[in-house]
Structures are given as structure tokens and as C-alpha cells.
Amino acid sequence: MSILVFLEHHDDELQKGALAVLSKAAQLGDPDVAGVVIGAGVRALAGEAGKFGAAKVFVADDESLGAPLPQQRVDVIASIVRDHGYDTVLFAASVLAADVAAGLAARLDAGLNWDLVDLAQQDGALVGKRPALGDTVFVDVGWTGEPRLALFRSGTFDPAATGGTAELVDASVQLEEHSQAAKMIEQAHAESEGPDLAEADVIVAGGRGLGGPENFTLVEELAKALGGAVGATRAVVDAGWYPYSTQIGQTGKSVAPKLYIACGISGAIQHKVGMQGSGTIVAINKDPNAPIFEFCDLGVVGDLHAIVPKLTELVRERRG
Amino acid sequence: MKVAVCVKQVPEGTKRIDPGTKRLDRSGEGALNSFDAHAVEEALRIRDAAGGGEVVLVSMGPAKAADALRKALAMGADRAVLVTDDAAAGADLVGTSRVLAAVLEREAPELVLFGQQAADADGAVLWSAVAERLRRPVISQVAELTVADGTARGKRQTEFGYDVIEAPLPAVVAVSDAINEPRYPSLKGIMGAKSKPQETLVLSDLGVEAGAKTEVLALADPPPRGETRKLEDDGNAAAQIVEFLDERRLL
Chain A
85 MSILVFLEHH
95 DDELQKGALA
105 VLSKAAQLGD
115 PDVAGVVIGA
125 GVRALAGEAG
135 KFGAAKVFVA
145 DDESLGAPLP
155 QQRVDVIASI
165 VRDHGYDTVL
175 FAASVLAADV
185 AAGLAARLDA
195 GLNWDLVDLA
205 QQDGALVGKR
215 PALGDTVFVD
225 VGWTGEPRLA
235 LFRSGTFDPA
245 ATGGTAELVD
255 ASVQLEEHSQ
265 AAKMIEQAHA
275 ESEGPDLAEA
285 DVIVAGGRGL
295 GGPENFTLVE
305 ELAKALGGAV
315 GATRAVVDAG
325 WYPYSTQIGQ
335 TGKSVAPKLY
345 IACGISGAIQ
355 HKVGMQGSGT
365 IVAINKDPNA
375 PIFEFCDLGV
385 VGDLHAIVPK
395 LTELVRERRG
Chain B
886 MKVAVCVKQV
896 PEGTKRIDPG
906 TKRLDRSGEG
916 ALNSFDAHAV
926 EEALRIRDAA
936 GGGEVVLVSM
946 GPAKAADALR
956 KALAMGADRA
966 VLVTDDAAAG
976 ADLVGTSRVL
986 AAVLEREAPE
996 LVLFGQQAAD
1006 ADGAVLWSAV
1016 AERLRRPVIS
1026 QVAELTVADG
1036 TARGKRQTEF
1046 GYDVIEAPLP
1056 AVVAVSDAIN
1066 EPRYPSLKGI
1076 MGAKSKPQET
1086 LVLSDLGVEA
1096 GAKTEVLALA
1106 DPPPRGETRK
1116 LEDDGNAAAQ
1126 IVEFLDERRL
1136 L
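For the record, the sequence lines run as chains A and B.
Quick note, the first sequence lines up with residues 85 to 404 if you use my numbering.
Quick note, the second sequence lines up with residues 886 to 1136 if you use my numbering.
Do not take every clue at face value.
[To be verified] Here are the simulated EDC-like pairs of lysine to aspartate or glutamate, each with C-alpha atoms no more than 16 Å apart in a straight line:
| hint | chain 1 | residue 1 | chain 2 | residue 2 |
| --- | --- | --- | --- | --- |
| 1 | B | Lys907 | A | Asp371 |
| 2 | A | Lys370 | B | Asp933 |
| 3 | B | Lys1115 | A | Asp224 |
| 4 | A | Lys135 | A | Asp224 |
| 5 | B | Lys1115 | A | Asp242 |
| 6 | A | Lys342 | B | Asp1007 |
| 7 | A | Lys394 | B | Asp1007 |
| 8 | B | Lys887 | B | Asp933 |
| 9 | A | Lys394 | B | Asp1118 |
| 10 | A | Lys213 | B | Asp1106 |
| 11 | B | Lys1115 | A | Asp387 |
| 12 | A | Lys370 | B | Glu1117 |
| 13 | A | Lys267 | B | Glu1117 |
| 14 | A | Lys370 | B | Asp1119 |
| 15 | A | Lys213 | B | Glu1100 |
| 16 | A | Lys213 | B | Asp1007 |
| 17 | B | Lys900 | A | Asp254 |
| 18 | B | Lys1115 | A | Asp381 |
| 19 | A | Lys342 | B | Asp1118 |
[Unchecked claim] So these bits of chain A aren't anywhere near chain B, every CB distance computed over 12 Å:
| hint | residue |
| --- | --- |
| 20 | Met85 |
| 21 | Ala110 |
| 22 | Leu112 |
| 23 | Asp114 |
| 24 | Pro115 |
| 25 | Asp145 |
| 26 | Asp167 |
| 27 | Ala177 |
| 28 | Asp224 |
| 29 | Gly247 |
| 30 | Ala272 |
| 31 | Lys308 |
| 32 | Lys342 |
| 33 | Glu378 |
| 34 | Thr396 |
[To be verified] Incomplete in silico selection of chain A near chain B, CB under 10 Å:
| hint | residue |
| --- | --- |
| 35 | Asp96 |
| 36 | Trp198 |
| 37 | Ala265 |
| 38 | Gln271 |
| 39 | Glu298 |
| 40 | Asn299 |
In case anyone wonders, no lab produced these hints; they're calculated from the structure.
The structure displayed is predicted, hence computed values, not measured ones.
All C-beta atoms, glycine included, are put in the ideal place defined by N, C-alpha and C.
Chain A with its partners taken away, still in its complex shape (with noise of 0.2 Å):
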């Protein structure tokens, strides 16, 4: 077994969740286990990944490079499986690396398990785990040929440093016509806003089913009644109804709070990987079959404009 793992990174940082895929990757007895940053000026990012366990990093730092699109990831990373036989290239879930995964697959013909929250051997093969069906149903995945491509649902492991230092390999970069022809005109940056969400103890979060922009006052005075912060969803961000420095989700933070009230929140699996780790879920939707009704502590089918008004006035009494 050889184990590639794609190092994503944003504005000068290894992102997380890729050093967690890594750690995991090495975990699995490979000991050449290798990691691919691909960007310009990263040479110096490249390094960091020896300390999660890479034995060897391969660098593609190059001008061209510098948005982070997937298709010439796809024409990089592509090579070096190529030329170094690699047979099993990993992914942590994001935006960029699921485009990058998917173009791979297709450009090697390999097979892509998706949404993994685990990857063991199982008498010499590779088993990937993947909660299906909202997470109703545990499903055994396998490959039927190399290389095996895998994306790992966000926030599933953690990044175990364990300070090995990785050799630096260049990587050729060749790029195809098509990969080139899309141009990133404008780039998001992480916004450099307060660890508020992160830390909260209690979080009130409000999605679609808050009907419009204007009650989420419903949310902000709940949640300033119990000394807790405001969340949203990807789809009221979206629709412009919320600020995304407030979006709790796989795009958007993760966040573990004592407490998350979800307020006409559906409970996609986008939403879900964002706040399941938090100690008790309480949801107010109205549709008795939402999937959130399936993963919270308390769930309440009613609605919210009604209940979360009164619960607003209770707690204000009960805490003065």
C-alpha cells in the first residue's frame, strides 16, 4: 500500500482536515505515506506536513498555481500517481478537494468512495465506512481496482503531530488546456472575525424555516436570553438573509456547543457535520420527517414562530 494525501491550504495554513486525513493515513502502517501541496509560494507549508506523519512531501509550486482550482490539482496529482505508483490517493472533504477527486477519478479511471468517517484494512484490502441514507445506515465500501480515491467526511479525525520532518520532492507541473481555461476573478479569504461561534456554550441557530430575513430577531433575542450566539445555515447565508461569518456547517464552522437550539433547520448532511458534536440538540421545525429529528435530543414539530417567541419569555424569567 502507498498513500498519497492531498494538502490543501488557505491563505498560508495546511488546512485542518487534510492534516487529520494525513495522521490517519499514517496510522494505517504505510511508512512512506506521502503528501502533495500544490499552490505558489508553499515550499515552506510543504515542510509543516512532516510533523503529521508524511514521510515525504511532493511540491508543485508554481505561478500558475495560485488559485485554488481543481483541474490542474487533477493534472498534478495525476502524474504522480503516474510516475510513482501510488494506489490509493486520500481526500479530506471541501469544496476544492471534492472537484479535485472527482476530475481525478475520471482522468485515472479509479474508483471514488465518498463522505468516509473511516478507513481500516480488512485481510489486505482497503474498507472505507460511509454513513448513508442520513446516516440511517452504516455502509462497507471497497475498490475493485488501483488507485483507490477517497474523500473523508469534514471534521471526522483530528491531526496528530507527531514531528517526523518529510523530504521535499518537485512535481512536474504539466498542465492541460482545459485545465487552465477557468480564472478565478476574486478569491475568498477567511474572514479574520472573533472565535464568538467556536466557543459559545449555547448556540441558536436559524435556517430556512425562519421564513425570511427578518425573523431571525427571533433567533438573536433567544439567543441573547440564554447568553449564547447566533448561527445560520448554508442556505439563509446563501440567500443573503445572515452574514457567512455566522454559517455553521461543512462550508462554514464547526462548532460543539453544551447546547444548540436549531430553529427551522432541516438538518442536511452540510449542516449536520457542522454541529453534531454538540452536547444537547434541541429542534423546533415544523415537518415531522426533517432529518434533524433524527440526530437531536429534543425535537419539537411545531412552529417556531410561535414557540420561540415563548421560550424567549420563559427563559428571561427563569434566568432573570
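Given chain A, put chain B in place with the hints provided.
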């Protein structure tokens, strides 16, 4: 402007995996994947804004997926191509992308649209594999799309905020469900859908094989989570929530 939309029929209601085949049970009623309705809506708007052209639906699935296609035709798409073949059942990303790309090569649209994900398999990667096979640029997760002067420009959300990406046509674009509100088919649209062209192909028509490079080995129950207490609001829900929070010493 010729726009192709890749759509999928997904099982309606509670989904189950057939323990025999270890595949999703597709024997019951099917529906148009709700995420795909946003891609169809966007295609219709682009066609109409361009003052004409064609919206072609491209799908692979069981024969009865034609019903889901009819819903998209009722919304206003012009025609549909469905690849249905027993040999394609169980195809994974590698196989499905090969088949869809073969249809798209024949159709040669200027723009290929995808919805954000499949509601059944939670897959959210197919566009990138199809774009690679077509050797076309791809933009994913697009929440605002502008198509003009031979260029597609998409604003999309990532883990870090919003990117704006531009690609020359022909291109592949996957849209987020935030991009629009899909229209409901009108009565006229529903009646008209029946007479719109629906082509059915088998794999040999395309000269490709489907196939899979991944497999399902076993199914198991998920690890247990603590009991979920569920209640319906009879006017006292707020008080009951407070009681629950009290029990857990969260107030």
C-alpha cells in the same frame, strides 16, 4: 443558447438499501431529484434570456426515470435523453460520468448544468468527473450565474467565503440550491410535456460501458445515539423545552 441539464430520478419517500444487491432500492415511486430542479430552472432562464435555444435533459436510470424527466419537461425543458440499460445498474462515478459524457459529446451543448447533489446517494462530485471527460472547464457550487459573451461567470461559496470564477464556454457548471426558486409546472406545461421528444438510449447506442470501480461490501446499523425525545406542540412546547433544559442543567 443550447443548455444541457444532467438530472437524476431518485426514490420518493423513505429510502432503503436492498440487502440482496446492496444497492439503493429503486423499485418504488421516483421523483426528480429536488436539487436538479434548480439546475433546470437556471437553464430555462438562460435560454429565455438568450432569446432562444434549447434545454436538453440528460439522464441515466431505470426506464421509469422518464416520469421524472417529464416533470422537468413540464417546467419548460425542450426534450430529454434517457440512457437506460440493465448493464448500467450499479454504475458508480466512473461509469456514470462516462455514459453522461458520451451523451453530452453527441449533444454538444454550450453549457452543461448540474444540481448541487443527489438526494439519494448524497453524491456531489459528478460534474467534475464529467467535465474532465469532456475536457471542459468546471465551476461548482454556483449561487449566482451570469452567462454572456461566450463566458460563464459564477459566484460560489467555499469554506472561506465567496469566490468568483469565470470560464469560457463550452463549460460545465454545478449550481447550488440557493441560486433560484424553481417554478412549478403550469397545467399547460404538464399537458405539453407529454408530446415533447423523449429519446431512450442503451449503452451500445453510445458505444460505451458503464461499470464501477467501487463496491458495497456490507451494511450495518449506525452506532447508537442517545434517545431522541419528540413532541408535538400543543401550545405548551416552550414550557416543555424549558423543563427539558432544566433536567439537563442547561439553564
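Evaluation of the provided hints:
For the hint linking B:Lys907 to A:Asp371, the alpha-carbon distance of about 30 Å lies beyond 16 Å, and the restraint is violated. About 36 Å separates the Cα atoms of A:Lys370 and B:Asp933, which puts this hinted pair outside 16 Å; it is violated. Pair hint B:Lys1115 plus A:Asp224 does not hold up; C-alpha atoms about 31 Å apart against a cutoff of 16 Å. Taking the CA atoms of A:Lys135 and A:Asp224, the gap is about 30 Å. The hint is violated against a cut of 16 Å.
For the suggested pair B:Lys1115 and A:Asp242, the alpha carbons sit about 32 Å apart, so the restraint of at most 16 Å is broken. With a C-alpha separation of about 29 Å, the suggested pair A:Lys342 and B:Asp1007 falls outside the 16 Å cut-off, and the hint is violated. A distance of roughly 36 Å separates the Cα atoms of A:Lys394 and B:Asp1007; the hinted pair therefore is violated under the 16 Å criterion. At most 16 Å may separate the alpha-carbon atoms for a hinted pair to count; B:Lys887 and B:Asp933 meet this at roughly 11 Å.
For a cut-off of 16 Å, the pair hint linking A:Lys394 to B:Asp1118 stands: about 12 Å separates their Cα positions. Note on A:Lys213 and B:Asp1106: the hinted pairing holds, with a Cα-Cα distance of about 12 Å set against a maximum of 16 Å. Distance restraint check for B:Lys1115 and A:Asp387: the Cα-Cα separation of roughly 14 Å lies within the 16 Å cut-off, and the hinted pair is therefore satisfied. For the hint pairing A:Lys370 with B:Glu1117, the CA-to-CA distance comes to about 9 Å; that is within 16 Å, so the pair holds.
For the hint linking A:Lys267 to B:Glu1117, the alpha-carbon distance of about 51 Å lies beyond 16 Å, and the restraint is violated. With a C-alpha separation of about 13 Å, the suggested pair A:Lys370 and B:Asp1119 falls inside the 16 Å cut-off, and the hint holds. Note on A:Lys213 and B:Glu1100: the hinted pairing holds, with a Cα-Cα distance of about 12 Å set against a maximum of 16 Å. With a CA separation close to 15 Å, the supplied pair A:Lys213 and B:Asp1007 stays within the 16 Å bound.
A distance of roughly 47 Å separates the Cα atoms of B:Lys900 and A:Asp254; the hinted pair therefore is violated under the 16 Å criterion. A hinted pair counts as satisfied when its Cα atoms are at most 16 Å apart, and B:Lys1115 with A:Asp381 qualifies at roughly 8 Å. As the CA atoms of A:Lys342 and B:Asp1118 are separated by approximately 24 Å, the hinted pair breaks the 16 Å bound. Chain B leaves A:Met85 outside its interface by the beta-carbon criterion, the shortest separation being 17 Å against a cut-off of 12 Å.
Against chain B, the non-interface label of A:Ala110 holds: every CB pair exceeds 12 Å, the least being about 24 Å. For A:Leu112, the shortest C-beta to C-beta distance to chain B comes to about 17 Å, beyond the 12 Å cut-off, and the non-interface label holds. In this structure A:Asp114 is separated from chain B by more than 12 Å, as the shortest Cβ-Cβ distance comes to about 20 Å. For A:Pro115, the non-interface assignment is confirmed: its Cβ lies about 26 Å from the closest Cβ of chain B, beyond the 12 Å cut-off.
Against the 12 Å criterion, A:Asp145 stays outside the reach of chain B, whose nearest CB is about 21 Å from its own CB. Listed as outside the interface, A:Asp167 is consistent with that label: its C-beta sits roughly 19 Å from the nearest C-beta of chain B, beyond the 12 Å cut-off. Not every Cβ of chain B is farther than 12 Å from the Cβ of A:Ala177; the closest lies at roughly 9 Å, contradicting the non-interface assignment. A Cβ of chain B approaches the Cβ of A:Asp224 within 12 Å, the least distance being about 4 Å, so the stated non-interface status is violated.
For A:Gly247, the requirement that its beta carbon stay farther than 12 Å from each beta carbon of chain B is met, with the minimum near 27 Å. Not every C-beta of chain B lies more than 12 Å from that of A:Ala272, the closest at about 3 Å, which undercuts listing it as non-interface. Annotated as non-interface, A:Lys308 keeps its C-beta farther than 12 Å from every C-beta of chain B; the closest such distance is 14 Å. Residue placement check: A:Lys342 does not keep its beta carbon more than 12 Å from all beta carbons of chain B (closest about 6 Å).
Remark: the non-interface label on A:Glu378 conflicts with the geometry, its nearest Cβ contact in chain B lying 7 Å away (cut-off 12 Å). Distance check for A:Thr396 against chain B: the nearest CB is about 8 Å away, which does not clear 12 Å, and the non-interface claim fails. The beta carbon of A:Asp96 is not positioned within 10 Å of any beta carbon in chain B (closest approach about 13 Å), and the interface hint is therefore violated. At its closest, the beta carbon of A:Trp198 sits 6 Å from a beta carbon of chain B; the interface hint therefore holds under the 10 Å criterion.
For the restraint placing A:Ala265 at the interface with chain B, the shortest Cβ-Cβ distance is roughly 4 Å, inside the 10 Å limit, so the hint holds. Using the Cβ-Cβ criterion of 10 Å, the hint placing A:Gln271 at the interface with chain B is satisfied: the shortest such distance is roughly 6 Å. Interface restraint check for A:Glu298: the shortest CB-CB distance to chain B comes to about 18 Å, outside 10 Å, so the restraint is violated. Nearest Cβ of chain B to the Cβ of A:Asn299: about 16 Å, over the 10 Å cut. The hint is violated.
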